[in-house]
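> With these hints in hand, go ahead and build the complete structure from the sequences.
Chains as they are written, first to last, in my numbering: chain A, 1 to 460; chain B, 1 to 248.
It is possible that some hints are incorrect.
What the hints assert, rightly or not - Negatives, chain A to chain B, calculated, CB over 10 Å: (1) E2; (2) T5; (3) G76; (4) A102; (5) V149; (6) V189; (7) Q244; (8) Q419; (9) A429.
Unchecked claim - Now the in silico label distances, taken between C-beta atoms and shown as ranges: (10) A89(B) / T248(A): 55 to 61 Å; (11) N161(B) / D407(A): 41 to 47 Å; (12) A89(B) / A126(A): 55 to 61 Å; (13) G129(B) / P324(A): 51 to 57 Å; (14) E321(A) / H46(B): 51 to 57 Å; (15) I142(B) / D407(A): 24 to 30 Å; (16) N161(B) / A18(A): 32 to 38 Å; (17) G129(B) / E375(A): 24 to 30 Å; (18) D235(A) / G129(B): 30 to 36 Å; (19) A361(A) / H46(B): 31 to 37 Å.
Claimed, not checked - So the derived list for chain A, only partly shown, Cβ under 7 Å to chain B, looks like this: (20) D150; (21) E184; (22) W368; (23) W370; (24) A395; (25) P454.
Don't read these hints as lab results, they were simulated from the structure.
Ideal Cβ positions, reconstructed from N, Cα and C, are used throughout, including at glycine.
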Amino acid sequence: METRTQVAVLAGKLTRAATRRGGHGGTALPGLIAEKIDPAIVRRLGAQLDRSALITGTNGKTTTARMLAGILAADGRRVVHNRAGSNLMRGLASTLIEATRADGRLPAAATGVFEVDEATLPAATAATRPSVLVIGNLLRDQLDRYGEVDAVRDQWLRTIRDLPAATALALNADDPSVATLADEARGRVVLFGVDDPLPSVSDHAAEARWNPTTGADFVYDRVFYAHIGHWRCADGSLQRPTPQVRATAVDRDAADGVAFDLSAEGRTARVRLPLRGLYNVYNALAAAAAARVLGVDLDVAAEALNHTRAAFGRQERLVVEGRPVWLLLGKNPAGLNEALRTLHTPGARHHLLVLLNDRVADGTDVSWIWDTDWEALTPYVQSVVVGGARAADMALRLQYAGFPGADAPVERDIEAALQRALQTLPPDAELTVLPTYTAMLEVRERLGRRAGVPPIWEGA
Amino acid sequence: MMAGRSLRLAHLYPSLMNLYGDRGNVMALRARCAARDIDLQVDPIHIGDVWDPERTDIVFIGGGQDREQRRIAADLQSKAGALRDYRDADGVILAVCGGYQLFGVSYRDSDGDVIPGAGVFDAVSIHPGSAIQRCVGNVVAIWDGETLVGFENHGGRTYLNEGVEPLAEVVTGFGNNGGDGTEGARVRNAFGTYLHGALLPKNPRLADRVLQRALVRRYGDGKLAPLPDVVETRAHAETLHRSLRAAR
Chain A
1 METRTQVAVL AGKLTRAATR RGGHGGTALP GLIAEKIDPA IVRRLGAQLD
51 RSALITGTNG KTTTARMLAG ILAADGRRVV HNRAGSNLMR GLASTLIEAT
101 RADGRLPAAA TGVFEVDEAT LPAATAATRP SVLVIGNLLR DQLDRYGEVD
151 AVRDQWLRTI RDLPAATALA LNADDPSVAT LADEARGRVV LFGVDDPLPS
201 VSDHAAEARW NPTTGADFVY DRVFYAHIGH WRCADGSLQR PTPQVRATAV
251 DRDAADGVAF DLSAEGRTAR VRLPLRGLYN VYNALAAAAA ARVLGVDLDV
301 AAEALNHTRA AFGRQERLVV EGRPVWLLLG KNPAGLNEAL RTLHTPGARH
351 HLLVLLNDRV ADGTDVSWIW DTDWEALTPY VQSVVVGGAR AADMALRLQY
401 AGFPGADAPV ERDIEAALQR ALQTLPPDAE LTVLPTYTAM LEVRERLGRR
451 AGVPPIWEGA
Chain B
1 MMAGRSLRLA HLYPSLMNLY GDRGNVMALR ARCAARDIDL QVDPIHIGDV
51 WDPERTDIVF IGGGQDREQR RIAADLQSKA GALRDYRDAD GVILAVCGGY
101 QLFGVSYRDS DGDVIPGAGV FDAVSIHPGS AIQRCVGNVV AIWDGETLVG
151 FENHGGRTYL NEGVEPLAEV VTGFGNNGGD GTEGARVRNA FGTYLHGALL
201 PKNPRLADRV LQRALVRRYG DGKLAPLPDV VETRAHAETL HRSLRAAR
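Here it is in structure tokens:
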């Protein structure tokens, strides 16, 4: 190994040890320091991996990567995985540094599983030359940071054109913005999708209303969430391609999760996913499609998916001071609408803690809350506490939805909001927490401390 | 108060021009009408639909990406003359962000293509190219002796022609072009602005102004019973503080 890379790895490991002693997560900091010393560190360390999978898309990256890592581990592979969700180049560097042994080498025959930020994809593919690139969806998110949605897709198109033919693509057939990326692929393409006559939903923030190449309108025979479903062009020029990895017989009300038949290449296995919502079926399909490319048997994949544990803050269940707490990240309209739909349980009367922050990682623009469908949740709400830096904006949104107590005082401080929610929670009731991204990190840390579970950067 | 009042709002291109929670503006008008026993009918007007100015009290258009703006351009041209006549007849208009740009004379988009606008506002918008920073962030502006708060996110810069009145004066943020301190435009009862957030829920006095102008035109009397607006004012104040604290 180059001296410079060795020094960078040592500096990274030193940083990691120092920050952990200080009690801070700092999942990206070791990589940030190491990149300053050796800017090519991800490429240099990544070259030692046997193969790797990159996972991108607006929503579901962390959960999909976690599912894929679980499948590969169940298949007996050694996995290097950025499990704490640090998905910029520095996060990949941190993960690779952590996996590097005392002799300066990564373990032999390891597979990399990396979730990658949408805008980081070009740099990450160039550095890792992945065996498979998974793209889950393209949804409206953080417009203040990424600019318009079309710019993200254009960047993906350029990245895919530059991929070596040895890199396979796993693409969502049901998202027209993603499925049509296959046109630019030089290597193998594996499409995944849901083949089930589920009822359609109507989301207010759907993108992809027409084919960017031909200008023909997309029409939908079925919408599963946002603009994801069974689409075709109105002029008949194009339609949803038939997926090779499919979910059928979806049962959205299976006990504590969602069940479906996972099919590929003429074989089928029942999956009982311990996470709720159709968006998690898509995450599981994405992971299964990547696992097919990496040569994992379908039954092994299905069985591993049955044992999926929620990633931190993503439908994660904790017990805090004897009270059940359910933490559902909702960071953009499509993701939050899906999270809200999982709460439409007949007869349920939820106690909610809703947390809205507007830091850079949340999106500094909070207008997206007006594109989310709180109205449909109102009949299922017993009480709500509102918190976060933009709590007053959120309370106004919830007042419009007719939530009880939306005019009560708000708590901008997350700790104060959490305390109030726990104090006012009736005995035996469950607290459901709906936070934006940075609010989730903060409330998860505080809940984790109370619940005695490891912080996210050490979570298994 | 007069009983049985009703208003009709034409929501132009609601499925295309809806980028930044813009339906919140329609929700605000609907809720504020309902609280005063005014029946607000919302007519979505999609590409190819006929728009009837005679039946309309308020026209609303929200924001969209460049590609949506290109998409609606031809249809908007077919309605441009009627929209200008409606403006001259004191018809109420609220145009936000991309809709505001397209209600000007023209918009030169990020590819350098010029999209003709509806000409409701005597203003031109120019996108300086995707290499130039977008105007993004919280905005505080002064309108009619009080603050307007919201968020802006636009690549194009808007320049008001001689004699055109801006809607508001920028305190913090970019506004029309980041240079002349103006934000939005106002001609008769037509209001154009870059602010979303959504704009009307937390700027309730502007929402009521829009309704009053429409009521005066339809009924000759714009009286509106005051609403408590406690939660609205709190959201306004939070945005104000957040914007001004970050501005230094």
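> Next step is simple, just say for each hint if it's right about the structure.
Status of each hint after checking the structure:
1. E2: Holds: least Cβ distance 35 Å, greater than 10 Å.
2. T5: holds, 34 Å
3. G76: holds, 47 Å
4. A102: holds, 46 Å
5. V149: violated, 7 Å
6. V189: holds, 25 Å
7. Q244: holds, 31 Å
8. Q419: holds, 20 Å
9. A429: Since the minimum Cβ distance to chain B is about 25 Å, A429(A) lies beyond 10 Å and the statement holds.
10. A89(B) / T248(A): 55 to 61 Å: For A89(B) and T248(A) the Cβ distance comes to about 58 Å; the hint holds.
11. N161(B) / D407(A): 41 to 47 Å: At 44 Å between Cβs, range holds.
12. A89(B) / A126(A): 55 to 61 Å: holds, 59 Å
13. G129(B) / P324(A): 51 to 57 Å: At roughly 53 Å between Cβ atoms, P324(A) and G129(B) fall inside 51 to 57 Å, so the hint holds.
14. E321(A) / H46(B): 51 to 57 Å: Taking Cβ atoms as reference, E321(A) and H46(B) lie about 53 Å apart, which means the hint holds.
15. I142(B) / D407(A): 24 to 30 Å: With Cβ atoms ~28 Å apart, the hint holds.
16. N161(B) / A18(A): 32 to 38 Å: violated, 60 Å
17. G129(B) / E375(A): 24 to 30 Å: violated, 40 Å
18. D235(A) / G129(B): 30 to 36 Å: holds, 32 Å
19. A361(A) / H46(B): 31 to 37 Å: holds, 36 Å
20. D150: holds, 6 Å
21. E184: This interface hint is violated because 19 Å lies over the 7 Å limit.
22. W368: holds, 6 Å
23. W370: holds, 3 Å
24. A395: This interface hint holds because 6 Å falls under the 7 Å limit.
25. P454: At about 34 Å, which exceeds the 7 Å cut-off, the nearest Cβ of chain B leaves the hint on P454(A) violated.
Checked against the numbered hints given earlier, the structure breaks hints 5, 16, 17, 21 and 25 and satisfies all the rest.
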